[in-house]
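Engineer: As a plain string of letters, each chain reads:
There are 2 protein chains.
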Amino acid sequence: MREVSIIGVGQFPVGEHWEKSIRELAYEAIRDAVADAGVENFGALYISNMISGQVTGQMHIGAHIADFCGYRGIESHLIEAACASGGAAIRAGVLAIASGAHDVVVVCGVEKMMDTISDRVLRALATAADAEYEVDQGATFSAINALAMKRYQHEFKVPNDAFAPFSMNAHSNAVHNPNAMFRFPISKERYLKAPMVAPPICVMDSSPICDGAAAVVLCASELASKYSRKPIRIIGSASATDSIALHDRFDMLEMRGVTLSAQRAYQQAGIKPEDVDVFELHDAFSIMATLSLEASGFAERGQGYRLALDGEIAPDKRVPICTRGGLKARGHPVGATGVYQVVEVAQQLRGEAGETQVADAKIGMAQNIGGSGATVVTHILSV
Amino acid sequence: MREVSIIGVGQFPVGEHWEKSIRELAYEAIRDAVADAGVENFGALYISNMISGQVTGQMHIGAHIADFCGYRGIESHLIEAACASGGAAIRAGVLAIASGAHDVVVVCGVEKMMDTISDRVLRALATAADAEYEVDQGATFSAINALAMKRYQHEFKVPNDAFAPFSMNAHSNAVHNPNAMFRFPISKERYLKAPMVAPPICVMDSSPICDGAAAVVLCASELASKYSRKPIRIIGSASATDSIALHDRFDMLEMRGVTLSAQRAYQQAGIKPEDVDVFELHDAFSIMATLSLEASGFAERGQGYRLALDGEIAPDKRVPICTRGGLKARGHPVGATGVYQVVEVAQQLRGEAGETQVADAKIGMAQNIGGSGATVVTHILSV
Chain A
1 MREVSIIGVG QFPVGEHWEK SIRELAYEAI RDAVADAGVE NFGALYISNM
51 ISGQVTGQMH IGAHIADFCG YRGIESHLIE AACASGGAAI RAGVLAIASG
101 AHDVVVVCGV EKMMDTISDR VLRALATAAD AEYEVDQGAT FSAINALAMK
151 RYQHEFKVPN DAFAPFSMNA HSNAVHNPNA MFRFPISKER YLKAPMVAPP
201 ICVMDSSPIC DGAAAVVLCA SELASKYSRK PIRIIGSASA TDSIALHDRF
251 DMLEMRGVTL SAQRAYQQAG IKPEDVDVFE LHDAFSIMAT LSLEASGFAE
301 RGQGYRLALD GEIAPDKRVP ICTRGGLKAR GHPVGATGVY QVVEVAQQLR
351 GEAGETQVAD AKIGMAQNIG GSGATVVTHI LSV
Chain B
384 MREVSIIGVG QFPVGEHWEK SIRELAYEAI RDAVADAGVE NFGALYISNM
434 ISGQVTGQMH IGAHIADFCG YRGIESHLIE AACASGGAAI RAGVLAIASG
484 AHDVVVVCGV EKMMDTISDR VLRALATAAD AEYEVDQGAT FSAINALAMK
534 RYQHEFKVPN DAFAPFSMNA HSNAVHNPNA MFRFPISKER YLKAPMVAPP
584 ICVMDSSPIC DGAAAVVLCA SELASKYSRK PIRIIGSASA TDSIALHDRF
634 DMLEMRGVTL SAQRAYQQAG IKPEDVDVFE LHDAFSIMAT LSLEASGFAE
684 RGQGYRLALD GEIAPDKRVP ICTRGGLKAR GHPVGATGVY QVVEVAQQLR
734 GEAGETQVAD AKIGMAQNIG GSGATVVTHI LSV
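Going line by line, the protein sequences match chains A and B.
Numbering of the first sequence is given in the numbering used here, commencing with residue 1 and proceeding in unit increments.
Numbering of the second sequence is given in the numbering used here, commencing with residue 384 and proceeding in unit increments.
No wet-lab data here; the hints were simulated from the structure.
It should be emphasised that the depicted structure is a prediction, and the values quoted were computed from it without experimental measurement.
Yeah, the Cβ is synthetic: ideal placement off N, Cα and C, and Gly gets one too.
Accuracy of the hints is not assured; some may be wrong.
20 Å max Cα-Cα, derived EDC-like pairs, lysine to aspartate or glutamate [said to hold, decoys possible]:
1) A/20 x B/386
2) B/403 x A/254
3) B/403 x A/132
4) A/157 x A/310
5) A/150 x A/254
6) B/613 x B/407
7) A/20 x B/515
8) A/230 x A/24
Chain B residues, not near chain A, derived (Cβ > 12 Å throughout) [said to hold, decoys possible]:
9) 474
10) 580
11) 591
Taking the hints into account, I'd like the entire structure generated from these sequences.
Structural biologist: Right under this line is the structure:
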């Protein structure tokens, strides 16, 4: 396969953007990424988004955004895999370049979640779960994750406060990320006092509803030096699925989609988990962070939360995660999240992560999860 | 680029399938395509669909369908480009194989439109148009196409009945297609008596709301003979965009997306329009058939309808179109349509099109259009 590199990144601050439509949000990120790369033309624009059809009444946003951004005529499609849409769209961009069909492709993840009543957003998000077997029974995404967290706590005898360090790390890192939504630290006391969403999941275990857009410019590696002084190579790109309904898993605490996706990516990259210097994982809920660390090979079963408890997940420690705030504090504009993750890993490898820079970061991993683990897309990046 | 071939096709009859969920519909087509190809394993399953999130409350249907069909673990994403979703998903499959990431990929288009009130379906379909500039002003898709048809009639002095032969050809061909929704011929009188939907568009100018699923198995051409006695080569695959809103076009009767997409595909295939033996075009409305013929190079501007009037579009004539019924009579399950079109062209090139077989068909073209021409995906197939 022809190797692909990232030659430009762009992102718009995650937050509440009542004044911007979905195409305007996308424009902000695309403009910045294209300027960062210094490209004038590209072959395709792939968009990731999950709930625009349901929330803003706009599908067909590939053409919609291509036209608005001044690229009328170009190839442009949407790729969707619930909250893993961003990773899936980047993978589509990688394959399009690897195939030889295009030399340069722009991928933009965009989501607008604030422009409606919260009931409608929660229903839209729940379409990532099994409509017949889960949602029709009343499950929201918080409820589904609460089932997993409760089971985890029962199985491995883990108290609620053991999850606090995940949120504290995320918030502490977000302080230094100008594109993060929640730029304030939280204490353990604040975590413990946070209102319950779906017990045992509290507000501080949960990523927020928000708007955002991020973009990357991808280029065939052999052409990348034409554009960028610091191209970042994509040395692993893999996607895998698991059952969409949590109760259909053989073991609801084993994320097989994560394991498959990560192992495929490790194999392509020729690396092991211990070679990863920075890991942007999918902490939509604290329980997802724990299970991802375990299924990706960073901790034994039932031990993922210990990495956080032992202080190993900070930017200057053994397994830095959520170095720019993660889903919890940077925010989780669902269809855009996977692109933010890749942008953030690229920033780390370029040495542009400021106060939360991981020293001497050479290999980074971004892992984007859809639903409660039904789609998992892993990208491994290298200087 | 590594060449890709079609080694298996499957389709479920288009119609009203109240008894089947979206994953059950998809299963029917995937099972048949996989059996036709004789493959046991494949690398990815790409799904095309447009309105499932809005109509059935199920997004994330890549993983949803992969799991239900017994392929848990495989890579599976959704590709959306409104009514051009099917063509876009096939293009994703082509690129995935051309890249070397996979040798065999299954693409399934599926749509379930009947399971709700018609107002909801019309609103969901309208999300393919510009939500802010068209739909908020009250436009439905029929209304948008009516504007184009009215303008065409004014500009080129064309009466309503000049469009009748498109519908008559489609219905006449559908009689012989067991997977078509409307298997009865219509007379010119019936066309003229049909109720108006949005003048000058009548019921007989319009494709129906319906359920359906179709699938193809794609394979690297160098491996195709391992599986199929009659692999069909994909010698052109191209996608292009135009403005999403009709009024934003420089000329609303010139489908520039169609022209760009077709010309890119002709160039890849090294052919001219006159080399095409069978053309499955996107006759969502009669006016779209006319404009597609013109923009694809089969007729001069303002002359497309004459091909139909002169009887040139029948299976045994110069430019055979809609040989299995087209969108009008086979039906238009929106996100699935582009896959049906490619299945039908493959059947023609295999010589398996029965009563409407185009004699000695060697090159066929399938063209899938999203919105009123904002996304256009063209595939050229060859024996």
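Engineer: Now tell me, hint by hint, if it's right for this structure.
Structural biologist: Verification of the hints:
no.	hint	in the structure
1	A/20 x B/386	violated, 43 Å
2	B/403 x A/254	violated, 31 Å
3	B/403 x A/132	holds, 12 Å
4	A/157 x A/310	holds, 17 Å
5	A/150 x A/254	holds, 14 Å
6	B/613 x B/407	violated, 28 Å
7	A/20 x B/515	holds, 12 Å
8	A/230 x A/24	violated, 28 Å
9	474	violated, 8 Å
10	580	holds, 21 Å
11	591	holds, 20 Å
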